[in-house]
Amino acid sequence: MKKILIMGANAARQKTLYFEKLLPGEVNRAVQMTEIPSGKGINFCRALTNWGRCCGAVIQFAGGDNGRFLVESLRQEGLENYTVNCVSPLRCCMTCIDRSTGSATELIEPSGAATAAECDEFVRCFEKNIADASGIAICGSLPDGTSPELYNRVAQAAVLNKLPLLLDFYKNVEPLLSLPGVTLKINREELGKLTSCSNVPEGLKKLFASTGIKQAAITDGAGKAYLAGDGILAVYSIPELPQVANPIGCGDSASAVFFSELLNGNDPVEAFRFALGAASANAESWVPAEFDPARGKELAAKVKVELHKFD
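Mapping the sequence shown onto the numbering used here, position 75 (from 1) lands on 117, and the numbers just tick up by one.
Please keep in mind that the hints were generated in silico from the structure rather than gathered at the bench. Fair warning: there could be bad hints in the mix.
[To be verified] Once the Cα atoms are required to be at most 25 Å apart in a straight line, the calculated BS3-like pairs of lysine-lysine come out as:
#1 248 - 235
#2 44 - 170
#3 170 - 247
#4 247 - 339
#5 256 - 213
#6 170 - 45
#7 235 - 256
#8 204 - 170
#9 339 - 45
#10 247 - 346
#11 256 - 266
#12 248 - 266
#13 266 - 247
#14 204 - 44
#15 213 - 248
#16 248 - 351
#17 339 - 266
#18 266 - 344
#19 247 - 213
#20 235 - 247
#21 213 - 235
#22 339 - 44
#23 45 - 256
#24 266 - 351
#25 256 - 44
#26 235 - 266
#27 248 - 45
#28 204 - 256
#29 266 - 346
#30 351 - 256
#31 256 - 346
Construct all of the structure, not just a fragment, from the sequences and the given hints.
Structural data, given as structure tokens:
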């Protein structure tokens, strides 16, 4: 089985509180709480495991009591990971789910910067484990105040090893878009921030014209999704779900399944269809990136695709 090495630098202790109805400005008492290791890299790794076509290993920073919780929880879950211990404590993210609407409100603690020495250790850990990888995924933000040069160092390791590279972040991503073997997967809001275009096809054309990127995929929750590359723009219509449990982790699930299918030789248009089916299945799950792959394939078959010229 092919393996993806994942940069998930900004991990989190994820607490999810469930409310029958969430009322802003009022005292709200949760009816249930779950607590798991999370962050985009960990969610990506969890989704890979659920999908079952690639395995994954995630590398992260972690410090303090929350960091110890993260490492032990990942061990119990069986997700392969490598942790760079850091002085700054790991952040905690609180998600509040309103069951009456299916909406999620996220409250995210600030994260402390990784030091230069900690970043050096992160890169050494990445280089030590890259030999077994078939692809590299860089997922999510860096801890607040951490030098964005860390992105470049990890990406260059992928290039030196001639590995495909998936980028699932947008801040400071521009220097990496011209590297060989890059696929960008972000959401509509992030594309708008990168290109100052609210229209996705126009934003993609601007992105392709201003960088050397060859393939980009854009999600928008339950809205239309887009895949651009090889002269084709694929536009996807997502099936309506009977109920949404928790939307957190849908984008991470899409990224993981998309890259997994690409590495297994699937056509990009079909690979992204599977990714959107998995993301939809994740929305029906209470746990981020923990979804039923059979349900994901069932929903993928209902995704409609229109193909257009892209130049």
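So, going through the hints one by one against the coordinates:
1. 248 - 235: 12 Å, holds
2. 44 - 170: 17 Å, holds
3. 170 - 247: This hinted pair is violated, its Cα atoms lying about 38 Å apart.
4. 247 - 339: 30 Å, violated
5. 256 - 213: 19 Å, holds
6. 170 - 45: 14 Å, holds
7. 235 - 256: 19 Å, holds
8. 204 - 170: 16 Å, holds
9. 339 - 45: Answer holds: residue 339 to residue 45 is near 21 Å, not above 25 Å.
10. 247 - 346: The hint holds at about 22 Å.
11. 256 - 266: 21 Å, holds
12. 248 - 266: 19 Å, holds
13. 266 - 247: Distance ~17 Å between residue 266 and residue 247 Cα, so the pair holds.
14. 204 - 44: Measuring from Cα to Cα gives roughly 15 Å; hence the hint holds.
15. 213 - 248: With a Cα-Cα distance of about 17 Å, the restraint between residue 213 and residue 248 holds, given a limit of 25 Å.
16. 248 - 351: 15 Å, holds
17. 339 - 266: Distance of about 18 Å is within 25 Å: holds.
18. 266 - 344: Between residue 266 and residue 344 the Cα gap is close to 13 Å, so the pair holds against 25 Å.
19. 247 - 213: 19 Å, holds
20. 235 - 247: 14 Å, holds
21. 213 - 235: 9 Å, holds
22. 339 - 44: The given pair, whose Cα atoms are some 20 Å apart, holds under the 25 Å limit.
23. 45 - 256: 23 Å, holds
24. 266 - 351: Status holds; Cα separation ~17 Å.
25. 256 - 44: 23 Å, holds
26. 235 - 266: 18 Å, holds
27. 248 - 45: 33 Å, violated
28. 204 - 256: The hint holds at about 16 Å.
29. 266 - 346: 10 Å, holds
30. 351 - 256: Holds: residue 351 and residue 256 sit about 15 Å apart, inside 25 Å.
31. 256 - 346: Answer holds: residue 256 to residue 346 is near 23 Å, not above 25 Å.
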